[in-house]
Amino acid sequence: MDILIYGIINSVALVLMALGFTLVYGVSRLPNFAHGALYVLTGYITWLLLNRVGLNYPLSMVIALAITGLIGAGMYHFILVRVRGMAISEIIASYAIGLAILEGLRWGGLKGGTFTLPPFVEGSVLLFGVSVDYQRIIVVVAGVALVGLLLLFVSGTKLGLALKGMAQDEQAAMTLGIDSDRMAVVAMAVGSVLAGAAALVLLPLASIIVETGYNVLVMAVAVCIVGGLGSWNGAILAAFLIGFAQILTVVFLGAHYQIAVALIAIIFTLIIRPSGLFGRQKELEERV
Amino acid sequence: MRTKARLLYCVLVVLAFLVVPLTVAAAEQPILLGCPLATAFLYGWDSERAIKLAVDEINAAGGVKVGDKKQPFAVEVIDTRDLEAAVPVSEALLAVEKLILEKKVNFLVGGPVRSEAALAVMPLLVKHKMISILTTGALTPKYNEIIAANPDKFKYCFRISGEAKWMVMGELVPCLEEIGKKFNLNRLMIMVQDVAHARAGGDILKKVMSGKGWQVLGDPVVYPTGTTDYSMGLLEAKKQNAQVIIIWMDMPESAILLKQWHDMKIPALPFGTIIAAAEQPGFWKATEGKGEFCLANVVNAGNAPSNATPWTQKFVDAYKAKYGLEPEGYGTSSSYMSVYVLKDAIERAGTLDPDKVADAILKTDIMGVYGRIRFDPKTHQVIPSVDPNEGAVGTIFQWQAGKRVVVFPPKIAVGEILLPPWMKK
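Just so you know, the sequences run in chain order A and B. Using this note's numbering, the letters of the first sequence map in sequence onto residues 1 to 288. Using this note's numbering, the letters of the second sequence map in sequence onto residues 289 to 713.
Be careful, since some hints might not be right.
Said to hold, decoys possible - List time: in silico DSS-like cross-link candidates among lysine-lysine, alpha-carbon distance up to 27 angstroms:
#	chain 1	residue 1	chain 2	residue 2
1	A	K111	B	K691
2	B	K651	B	K340
3	B	K608	B	K415
4	B	K386	B	K631
5	B	K469	B	K495
6	B	K469	B	K691
7	B	K608	A	K111
8	B	K610	A	K111
9	B	K340	A	K111
10	B	K443	B	K644
11	A	K111	B	K573
12	B	K430	B	K353
13	B	K386	A	K111
Unchecked claim - Facing chain A, a subset of chain B residues (Cβ under 7 angstroms, in silico):
#	residue
14	Y511
15	P512
16	A543
17	M552
18	M655
In case anyone wonders, no lab produced these hints; they're calculated from the structure. Beta carbons: idealized from backbone N, C-alpha and C, even for Gly.
Extracted from the complex, chain B is given alone in its bound form (with noise of 0.2 angstroms):
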């Protein structure tokens, strides 16, 4: 009797250790975050540590509240490379796929990148009823459009960044007439990469400006992606005297048009609307300071150090302890706020099944780090705005002295715009 107490005992016990952990680890069941990122480009690996740093804070506090229990979030990064030059979009929709069937994510966060294949990504998106948050690149406005043109159908397909038309209309063009009129400066250039959301802004702010009195100097030159030579465009701009040369490039590259307009003394502002060398914090350096006094528009508060939200300074003080330095340009502060927006929505929606997540990310209203929250409910667009109490409200900045002093817009703004030396009369 007594040898079969004790063996009873000895099972109970084993049981129990196996038991326990496997109702613990049941528990600690992750909600696995997919990102399909271009991982070697700025509007990559920046997203990539804004939502790891994201995923270790909800974690450190406790995790997300499925129901009535708890669950941390972990993150799996994909290479999707579509910002590289000459990589079919087939490789995005590659490494999007292998996320959903291979690694069986829960929700997707970040890209793809480039315009071109977040779209050819959406039929997926609705295939497998995953949820994705755009967070980075694809600027165009294509994406909105499919959305509002079939909602229920796209119902899983999100963006929590900015998109082409805004940032022109919104941004871009009252920032330039603000330029306009302070300087009195109104002949235009535009530069552009050959790529979807670049070509679009480009044509879109030509006739924009066109029709405000601006003299734009000819259609948007358009460079291949990974051109490293601008001198005959600069040139050209110095001939027909521009005053303000927007640049709409996602390519590294970039910093080159930068070097090259300081060398050769080129008489018009800098003003990138998208701009991947100029919105580092190091470029200052990389440059040696050439590029001082170009524009650059982060899409996002946050992107750049402001006082935007209460959340804003903490988000560039924990994204700098963290990385060792300041959130690093478009894609940074939208990446880290999809993963809060996640982490909302499922606790509100205590379930992670897709289809009432996303009615849960429709009816999100939260105060972040780049203003409110919200999404158009037929758009499924983050509202923007320039205020950050009404909507997401985006960062210009220029390059002043070694830092990126934000400019516009006011509400936001904590210096005011300046000039080259070489252009002043």
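One chain only, chain A, in its complex shape (with noise of 0.2 angstroms):
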């Protein structure tokens, strides 16, 4: 039982780290190789305005997510829109933005374990005999309810709709005139509010950490590349495939053994299946 609560609470949590990264790529084909350190950004922002500034919680979680969601609306429209289309760039351009944040961060005072964000709810309850502290059932709760509201957002709002279009076909999208550039600000804003949305769910059970920042975004990518890079039910499925397969490792292999299988699911995937499992790209070349 433990293995499946505890596979479930892993699971949704990749799925969070995930999202804001597959709905980016999904939406405008760009790799956001910042989107660890949006998280980790994020995390810190609430923890300045609850300490430093002496705002309460949910107020200080809304600014932080708001200046999240500005900084990557900014991030496209000053600096990778001069990149767009050219993969390599993209890359090099997002991940140097990343570096920078979480470099800054840790330059600016940002080390060791002690910059904390409180749980949402204390304590713990007994689950089929399993002991699950509240803030692992509100990750759950969130992830759930999460998915549920970008599912809503994606097909029942114009913008929404404008988004998906983006996501299915780039020029058929342009034809029915939807600015394209616009509506990558859109979905970088969106995802690294979704990256911000992850961390305040998930820092209040780890700590604040610049590393966390590039352990978030290997796991973003290899979740993407499992599952079909700008998938998001591949990225929700490629989620529950690693997460269990993490928790089983650690319960069957040892805890030393868990860093691995995200990387070697990246090396099977591409071996097997280059375009991942609810991939479209390469559906092609596969074929052929």
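Given two chains presented individually in distinct reference frames, assemble the corresponding complex, making use of the accompanying hints.
Listed below in structure tokens is the structure:
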């Protein structure tokens, strides 16, 4: 039972980490390698507002998310738009921004394990005899809610439908009058907010540490590659596969090997099905 | 004639202005200390602060007497990044080489912090005849073994802080035995980080405690650097009725382990042999008290307040006055002492010549912040003890009501070990 419960929690955590990355790639074909940095940045801004400015927790979170969204939009508007379409340049530019954010935070004093966010609810409960803290239950609830909200947004709003159109076929969407760059800005803003939202739910379980940014990026990339770049359904399925594989690895092989799971998953995917479980980009080549 | 005299007078005045400052400058030529440290981590930044504190104190008192002149210390810190996950050892090597070749430092104090990096640097020290006093991290016993195998070759390598074997045999095991007797506990689980000193320490501990009637529950659980979820390990500990969990991790993520331990109410006493997060004074606030009852071995006295020697509290107060917080954990007092030991050795040698200073360091015998400081002539390791009058004394404290209360060794303890309420039957 503990494998099942903690497998679900771990998988949903991975979904949260990867959701923003997938959305941005799905809409604009832009691999946002600053994703992990935005995750840490949101946590740190919230910590600053809470501990230095003295705002209350919910308000700090909302402001931090807004700032992260603006930074995401600004990243595209001022920098990434110039390299759009050049895959390697996109990666280098976004990774450089992420590096600047993370190392800037480190330089600014984000060191050690003393930067933490309080959990939303203190305490733990026994679920089928397994001890689970409330914050982890909140992670699962938040994960389901965020995925649901995202689905509602892309299916029920004009802006969301435009994003969906872009994700499905950029050329066709453009012929219908959808502004590709505007949608990319929106996607970057929403993707950044999603990275931030993941941080706000997950960081109370951990500490705000610069290294987390690199870890979150690796996990998000792994989930997206296994699921198929840009596929939201694929990302969710991949998160569950990797999430459960990690927990099983810890139980049966040892915690030591957990870190290798995501990397092995990437290698296997690239060998067996390079476009990922739900990927479409290279479907034709694979068939050929 | 008058004009000539005036001209001569002017020349003399100009010369006086030129020569006198040059002479003063030569007298004040600083002795440059190179500090290769992982500055983003506790064991790096606390060492940097402690070294700078000692340097400031020594300079304020007139500097170091080298022969018949006094020279101040200066510090050059370089970030080795060797405690970061996935940063190769070669980075630390480059950092040390830069200090030696580019910055032209006279001595090295501090790191490299990661054992693997400290071992790799040893041949460099020999090549450049560079005295190095390790003050933080690098707990591997291998360091002494290499020196002991060839003391003449490695005559420039010293370690003034603890090493894993003594930490286990001299401090951890006796403390565990005391806990076992006091609370009738004997089921042990070991959780270590995937780095050389922690893996070695975990294996030694398993072997030793198994031979002392304790039930060690499986092999040490090895976590990669940067692990952020310990749920499954803690659930396993609960399932197997572990009563003490030994944690040997120098990564900041160890705070997460303790938060999870608290939230899941795991009925086992957490005992950090090396536990970077819990050592810091800010840990209580960061975890909102969730780390209460955690024991932490901070290796040398002075890294938490105690009265081990008359100098201990004086050091704690000076650190607090300069940085606004108590000494922060492993590596603080030893880094501070390394500068004083070097000053003492240079003054006795009367020169900066590395061979003579190395010989002088070997003859060190001073009462420091954590007891009597002497080096083993064969291994160049500071001689440890549980009595500050005999050697470098360690410190194990427990978080109790927001304070770091020293509970071991008995000679310097100021409080008793307590169990968390959910462990009491």
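Here is what the structure says about each hint:
no., hint, verdict
1, A:K111 - B:K691, "22 angstroms, holds"
2, B:K651 - B:K340, "25 angstroms, holds"
3, B:K608 - B:K415, "39 angstroms, violated"
4, B:K386 - B:K631, "24 angstroms, holds"
5, B:K469 - B:K495, "19 angstroms, holds"
6, B:K469 - B:K691, "25 angstroms, holds"
7, B:K608 - A:K111, "19 angstroms, holds"
8, B:K610 - A:K111, "19 angstroms, holds"
9, B:K340 - A:K111, "19 angstroms, holds"
10, B:K443 - B:K644, "10 angstroms, holds"
11, A:K111 - B:K573, "15 angstroms, holds"
12, B:K430 - B:K353, "35 angstroms, violated"
13, B:K386 - A:K111, "24 angstroms, holds"
14, Y511, "5 angstroms, holds"
15, P512, "4 angstroms, holds"
16, A543, "4 angstroms, holds"
17, M552, "4 angstroms, holds"
18, M655, "32 angstroms, violated"
Of the numbered hints stated above, those contradicted by the structure are hints 3, 12, 18, listed in ascending order.
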